[in-house]
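Asker: Each chain, letter by letter, is given below.
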Amino acid sequence: MNPVNPMDAKHSGPAAGPPRGPSRPEFWRSPLRGPWLTAVFGIVLLFGITVVFVTGLLSYAAYEPDLAAVNDQTPGKGWLGFYLFSWPTSPYWLYRVTQGVHVTLGVVLVPVLLAKLWSVIPKLFAWPPVRSAAQAAERISLLLLVGGAGFEFATGILNTQLHYIFPGSFYTLHFYGAWVFIGAFAVHVALRLGRAVRALRAGPRQPDPDSEEAAGLVSPRPAAPTISRRGALGMVGLGSLALLAVTAGQSVGGWFRRTALLAPHGQEPGSGPNGFQINKTAASVGIRPSDIGPAWRLTVRGGGRQIDLTHAQLLALPQHEALLPIACVEGWSTADQHWSGVRLADLAALVGLGTHPPQVLVQSVQRGGSFSSVVLSAGQVRDARSLLAVRVNGALLSPDHGHPARVIVPGAPGVHNTKWVTRLTFGEPV
Amino acid sequence: MKPPTAGAAPPGFRHRYGASPLHLLLLLASFALACYAGLRLLEGDTLGVAVWFVGAALLHDLVLLPLYAVTDLAVQKLLGPRAGQGTRVPRAGVNHVRVPAFVSGVLLLVYWPLVLGQVGHYTISTGLPADVFLGRWLLITACLFAASGAVLAVRQWNAGRTARDHPSARASAARDDHPKE
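Residue numbers (UniProt numbering), protein chains in the order written: chain A, 1 to 430; chain B, 1 to 181.
Bound conformation, chain B alone (with noise of 0.2 Å):
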């Protein structure tokens, strides 16, 4: 779909509003939705209602994003190549940790209140055992980067057997595997 054009409307108004009067009405067609039902939303607790949306809003690009982006650097510094390495070839090594730890931290980010025994009525609520959480998450995670090292073993495995067969290969070898410092 191509940005609503002004159509007949002045010239005028594209330059003074930014974008189309159709984008204008879209806008506001939804804002409405949002006053009817937000008014209703905020009925009650209305602080606590607002301090929540907004901070859902915010949450992950001011809170999750600068720490998982700050770890990521910082495992990619440990595994990458030692300072004054003559090539940056990137190391596909640090994949082997990004992936477990990405998929470990969503399960922990959605199932965070049963895996920390945060909700204390949940066995007189359901009839079930509470505490089988947390090590059930730490068994997937073990299951996560024990896989992962497995992969990468087989990977170096393979890469050294090409390099060995193949001189001539090393060098695209080394690129895919973290090698041996």
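Looking at chain A on its own, in the form it has when it is part of the complex (with noise of 0.2 Å):
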């Protein structure tokens, strides 16, 4: 092939442009692709994954990293956690509201990603395949964003059908990947947000192939069209809207939870006051039967002084009652359960911390595996609707559901939710 002068490559005759196949421009045949269509789908990815961005940075720190070691499932984080903030209990459904938006919008956008990317292709074989500096350095930001979408949506997918083929703890691969792609999101935004706006201002109009606003998009020999730009952003919009009406029933809950066809948790596990969603079983995490039976304890300490209790004892406390949903990380949540139990301030006078509770560690006879223990703020101590719940809508816990004691906070994942509790530590760890 001849040297050519990059600047010059545009305009030269086809023996000295791009090799036989996807570098030539009239190899991409659709005429759909232009700019009015990828800046549609990229102003709706540029809403969409801000969203998603900004819901899973709030679940991550409902996870109080910086409270407990044992809640810091990425210590190395340095800086990535500049933003922690104690998270409310107040009000009470909002990590059921930010996390299933989180997972249900992500699961809506992927229609529109593959749209996008689908839009964009002739971009990936341009000819030359470097042409600056400038250029070099787009294609690695672009790798980063492409990559980083791809494994972000790729990982939480995954994570929500309990499907953990990912190379490590999910936690870590979702949360440092976010931070990858989202630099090169913002830069792609600030290089490209300008020329989209400008787009959809021009409106659907295809303009020349050697334009500079048709920016290597628009195809100089379209094949005739077999659907229009309109029906094919109908056929993308559907497919988010099918995808939509299968999975968002798992977090609005009640009837609307059968429409939950193809996710995770669109089926009712049972009926009865025990009958709402489960994360773990009871099998599932090994707890036995002489765990949770007659020789269970509960142990409370803090202030240099311990009880045990038995289920009896604990039964005979004050109860005190709380309407509180379950919300799960991936994205499906309970409607509001009517839980009964001992408030966790009312635990912690009992070792005589009552005037001013104090963070606890709770533990659960659960052996080993993530979240055992977990430790909650102050905060959710204090909050008189936190319990350690024994009973649910008028039963004891069902196995499954934590009995003969488990944790139930207001606003907070699912998973600080401990079930199984033997231990309550109430204080800074010493």
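The hints are simulated quantities; they were obtained by calculation from the structure and are not laboratory data.
Incorrect hints may have been included.
Claimed, not checked - Listed below are several chain B residues computed to face chain A (Cβ distance under 8 Å; list not exhaustive): (1) L33; (2) A34; (3) R40; (4) L41; (5) G44; (6) A74; (7) V103; (8) Y111; (9) L128; (10) D131; (11) W137; (12) T141; (13) A142; (14) V154.
Here a beta-carbon is modelled for each residue, glycine too, at the ideal position from N, C-alpha and C.
Two chains, two frames, a set of hints: combine them into the complex.
Answerer: Pasting the structure below:
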């Protein structure tokens, strides 16, 4: 091939141009591809991904990683935790909404992401591959953008289906992956938003393929259209709508749960007081009947004191009630359940820490594994709705819902509502 | 937003680099952040994470797109006009296959682990039956194609009626729908 001045490549004849195949603009024949269509998908993703990123950051904060080492899945986070704040208990449905939006919106954006990638495919093969240092740097950034998006969507979607085939802990991968992605995303928005807005203002009319506004997206040899651009947008929208329809019900709950036909928590596990969604059954985390039988004790420690309670003694303490949902990081949640049990603040008072109850380390009889213990903040302990629940909807807890006793805290992620609790240690760790 | 202008930068910078200094600064800032998070991301199974990340970047462009583009062309060929037919009139009929196939495809793309029964511990974890998803996806797919077929039938019926009532409109009706060949 003749060496060509990169600046002239666009205007040179076919002999000096790109090799046969996808690098030639005329290889791509869809009459739909153009700046307007790409801009529509881009703007939808700009808003959608921003919401998904922010709700993701909120979920990370809800785990209270700064409170204690046992809460922190990413101890090496460094400055990436700069925004962390103490997760509130009001409104009690906060995590249910933020995480439901995070997961459902992420799933719904999949067709839009695919359509966006489809619409810009000629650029992947643009010839010459590297025209300048600036363009080379931008292509590396695009690798981070597209790889980061695919990585985040894939790990997130697989995790909601409990399909843990990704190479490491979900929390680590999804959190650090998000930060790799978001820098490239911000740069892409900064460099392309102007062009996208201009393309939207110009409307769907296709510009000349060689013009600057065509941005290399418009085919110089378009095939006869088989679908209108509006039809293509409709098809993508229908894909998103279908995903919304088979997913959202697991977060909305109630009657709508049955519409979540393909979502992991679209079915009811049973009926009766304990017939609501289960994150991990007793059997799946190795709880033996003897662990939660007559020999079970609740140990409450703090302020240099310790008391042990049997199940009967726990039931004899003043019981309080709270209407609270279970809301999982996987996006699903339950309607408000009617819990009753002993206030965490009252249990702190048993060891003399009643006036200003401190944070508490909650430990389960569950053997090992993530989230078998957690530290709840003082703010969470002091909320009158924070209970060590023994009953739900009028019945004793079932083994799968944490019998003999489980934590329920307003607004907290599901895994912080520790089940099969055997020890509460109030105060700072020694 | 206009592409950042060179401003006070020496005129040679844009020529050598190919864009404004602001472009370079933006990219460098994002690369620094990507390195900061990326080093943490790559701790542990470095190779596995790298393969997943690069694979995620290429999956659509080099695997999915060729697959669905070739399938789409094949369907167009199958439903399109016979070779040698005079006018290359596009066939709206292809969209009655394309749209339900696309919707069914994205449902499978998102929910394949459950649909294809890949999550062995699903039932022991959640207490929910795992064998419902394949059947549900197949029935949804059946409904999508059936609904698309119903729309096509109504369109053809309408087009046929229009053509009978207004013979001059026959040409435009034929363009809208897949003709009987």
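Asker: Run every hint past the structure and note whether it holds.
Answerer: Hints, verified against the model:
The restraint placing B:L33 at the interface with chain A holds, with a minimum CB-CB distance near 4 Å, inside the 8 Å limit. Given hint, B:A34 at the interface with chain A, holds; its Cβ is 5 Å from that chain's nearest Cβ, closer than 8 Å. The beta carbon of B:R40 is positioned within 8 Å of a beta carbon in chain A (closest approach about 5 Å), and the interface hint is therefore held. Of the supplied interface hints, the one on B:L41 holds, with its beta-carbon coming within about 4 Å of a beta-carbon of chain A, less than 8 Å.
Because the beta carbon of B:G44 sits about 5 Å from the nearest beta carbon in chain A, less than 8 Å, this interface hint is met. Taking 8 Å as the C-beta contact cut-off toward chain A, the hint placing B:A74 at the interface is violated, the least distance being around 13 Å. Hint status for B:V103 relative to chain A: holds, with the closest Cβ pair at about 5 Å, below 8 Å. Annotation: interface hint on B:Y111 holds; nearest CB of chain A at approximately 4 Å, less than 8 Å.
Among the interface hints, the one on B:L128 holds; its C-beta lies about 5 Å from the nearest C-beta in chain A, closer than the 8 Å criterion. At a threshold of 8 Å, the smallest CB-CB gap from B:D131 to chain A is about 11 Å, leaving the interface hint violated. Taking 8 Å as the C-beta contact cut-off toward chain A, the hint placing B:W137 at the interface holds, the least distance being around 6 Å. The interface hint given for B:T141 is broken, as the beta carbon of that residue sits about 11 Å from the closest beta carbon of chain A, more than 8 Å.
At a threshold of 8 Å, the smallest CB-CB gap from B:A142 to chain A is about 13 Å, leaving the interface hint violated. For the restraint placing B:V154 at the interface with chain A, the shortest Cβ-Cβ distance is roughly 17 Å, beyond the 8 Å limit, so the hint is violated.
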